[in-house]
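Asker: Letter by letter, the chains look like this.
There are 4 protein chains.
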Amino acid sequence: MLGFPPSSFDPQNPDFEERVRSSFNRQRVMQTIGARMTTVAPGAVDIELAYRADLTQQHGFLHAGIVTTIVDSACGYAAFSLMPADATVLSVEYKVNFVAPAAGALFVARGRVVKPGRTLTVCEGVVVTLHNGVEQLIVTMLATMIMLRDRADEASSE
Amino acid sequence: MLGFPPSSFDPQNPDFEERVRSSFNRQRVMQTIGARMTTVAPGAVDIELAYRADLTQQHGFLHAGIVTTIVDSACGYAAFSLMPADATVLSVEYKVNFVAPAAGALFVARGRVVKPGRTLTVCEGVVVTLHNGVEQLIVTMLATMIMLRDRADEASSE
Amino acid sequence: MLGFPPSSFDPQNPDFEERVRSSFNRQRVMQTIGARMTTVAPGAVDIELAYRADLTQQHGFLHAGIVTTIVDSACGYAAFSLMPADATVLSVEYKVNFVAPAAGALFVARGRVVKPGRTLTVCEGVVVTLHNGVEQLIVTMLATMIMLRDRADEASSE
Amino acid sequence: MLGFPPSSFDPQNPDFEERVRSSFNRQRVMQTIGARMTTVAPGAVDIELAYRADLTQQHGFLHAGIVTTIVDSACGYAAFSLMPADATVLSVEYKVNFVAPAAGALFVARGRVVKPGRTLTVCEGVVVTLHNGVEQLIVTMLATMIMLRDRADEASSE
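Here the protein sequences line up with chains A, B, C and D, keeping their order.
Going by this note's numbering, the first sequence opens with residue 1, and the numbers climb by one from there.
Going by this note's numbering, the second sequence opens with residue 159, and the numbers climb by one from there.
Going by this note's numbering, the third sequence opens with residue 317, and the numbers climb by one from there.
Going by this note's numbering, the fourth sequence opens with residue 475, and the numbers climb by one from there.
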């Protein structure tokens with residue numbers, strides 16, 4: 001973010017990484033599209049997705065909604081990494097700008113917490129790809145996440 | 159939209175419906191997730207998606223990004239329906255508010271043109287589901303689409 | 317909103333109109349720019365602003381930020397009208413599309429609640445002006461408002 | 475922006491600074507609210523505003539719309555600084571998150587170009603204030619600007 005040094009956030013839950021990865025593994029859509037969580041740090045999560053022709057729009061690029069899917073989860077889990085152990089996270093809203101078509105072999109979504117809050121957490125995200133060894137920006141996101149307490153971070157089993 | 163009667167737009171291309179449906183059919187992600195285009199009218203497109211467990215986030219709801227995928231295409235094709243025959247469409251940016259979890263059996267995305275322009279078209283979209291016969295709002299979107307000329311609405315085959 | 321009949325919301329506070337108008341009157345910026353609250357109904361507030369050359373950007377149109385100022389307050393007070401008597405309201409975030417330059421003599425901002433919630437309320441807003449007796453859309457907004465409890469809706473007096 | 479080194483953009487117009495400052499000086503709303511342009515660099519513009527009680531909302535903070543006014547102009551002029559000499563700039567849309575109330579003595583809006591384009595330029599902005607010598611983030615913006623050619627960057631005089 002502009003003029004702000006990367007914040008070093010203190011996680012409230014020492015097991016934050018385990019909780020983030022376990023929740024991500026329950027996001028079944030991630031297996032469906034082949035996304036993989038790589039980095040998990042306090043307030044910072046990366047998710048990778050390889051290009052697949054069955055995820056494309058009419059020009060053969062990854063569909064905007066699929067790119068959004070990985071950067072939304074990267075931002076949501078960046079927020080979740082700073083939450084206490086009894087909390088869960090939901091997306092309130094996000095805005096995404098598409099600055100280049102999603103053409104490439106591998107896409108990396110980076111979600112970062114801008115401002116954690118008791119209820120709402122503001123996050124920033126990007127999706128990048130490599131072109132001839134240089135990172136190219138595909139997408140930039142600004143998102144609001146909400147913390148819900150006393151609610152399991154799992155599907156209910158009725 | 160507030161205080162505005164539904165506009166009746168005049169399509170520039172009499173074959174707009176064929177062009178919209180044909181382009182949608184080339185969005186391979188739509189087959190992957192099982193989405194189906196229903197209504198196509200000038201400035202108005204609907205897309206349906208049935209619930210599938212393999213498209214969910216950690217609580218068992220449809221992932222926000224998947225819901226975004228269908229409403230983005232509904233808005234994009236609503237814009238495309240008003241464009242001339244040699245144009246194609248891309249999403250510039252969108253903002254989505256998630257007003258209820260995507261729980262339900264069938265989801266309908268409605269994209270509508272708010273303001274068509276020579277270069278940019280502003281669209282509004284919603285995703286709704288039925289609960290006990292009553293429509294429930296899941297998502298509301300505000301989006302900007304861009305028209306590109308002299309560029310085929312197809313993947314290039316290199 | 318698309319496919320949704322205008323909702324009829326029940327205010328929690330019978331004195332909602334008095335509370336909304338009194339809070340608006342404490343927004344000193346509104347006197348500074350000459351804005352006036354007209355309609356106040358449950359979940360719906362209108363604010364008017366006459367063109368003034370001292371509120372313009374470089375082309376002589378009202379500045380985007382000034383147009384945003386009135387539609388933000390219209391949305392915020394639409395949300396506030398549905399809140400209990402001990403609550404106050406703040407803007408969490410908004411997104412605004414500028415669909416036509418703010419040229420005209422009188423601008424009307426309309427804020428409407430899309431979905432009221434215990435904590436967050438989603439609102440939609442427009443700004444319109446009259447051109448030859450026909451309403452022209454200038455701006456469309458999608459906004460998230462937050463309710464804060466046990467906090468006076470007034471400036472603290474230190 | 476995340477993981478991106480500050481770009482060094484090459485201005486197309488060697489007189490970019492003069493053009494930016496001259497256009498800003500024609501934004502009459504800036505004199506009305508007392509805003510001042512400080513830094514102008516290729517793709518980067520800062521605007522300062524001192525607190526004034528006549529620009530506040532009901533709690534005595536600067537109104538969200540006024541904060542938006544300065545960061546919108548900072549982003550718009552950051553984009554304008556990279557445009558050719560015969561162009562002008564307009565805001566297409568923006569999204570703003572309010573991460574802290576606008577309480578403070580002096581507010582600095584920073585607009586930065588994320589991705590310049592032939593037609594559209596994506597910008598990021600923040601507004602910060604000083605609390606006990608430490609910068610506090612008030613607002614973060616993600617915006618789309620459009621370049622218009624062959625149109626004077628001045629009000630027409632009919």
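There may be inaccurate statements among the hints.
[To be verified] What follows is a set of in silico ranges between Cβ atoms, one per label pair, in the way DEER data are often shown: (1) R194(B) x T593(D): 29 to 35 Å; (2) L580(D) x P417(C): 30 to 36 Å; (3) T277(B) x V450(C): 21 to 27 Å; (4) G34(A) x L264(B): 23 to 29 Å.
[To be verified] From chain D, some residues computed to sit far from chain C (all C-beta separations above 10 Å): (5) D528; (6) A538; (7) Q610.
Derived from the structure by calculation, the hints contain no laboratory data.
Quick reminder that beta carbons are idealized off the backbone N, C-alpha and C, glycines included.
Asker: Let me make sure I understand: some of the numbered hints might not hold for this structure. Which ones are they, in numerical order?
Answerer: Numbers 5, 6 - these are the hints that the structure violates, sorted from lowest upward.
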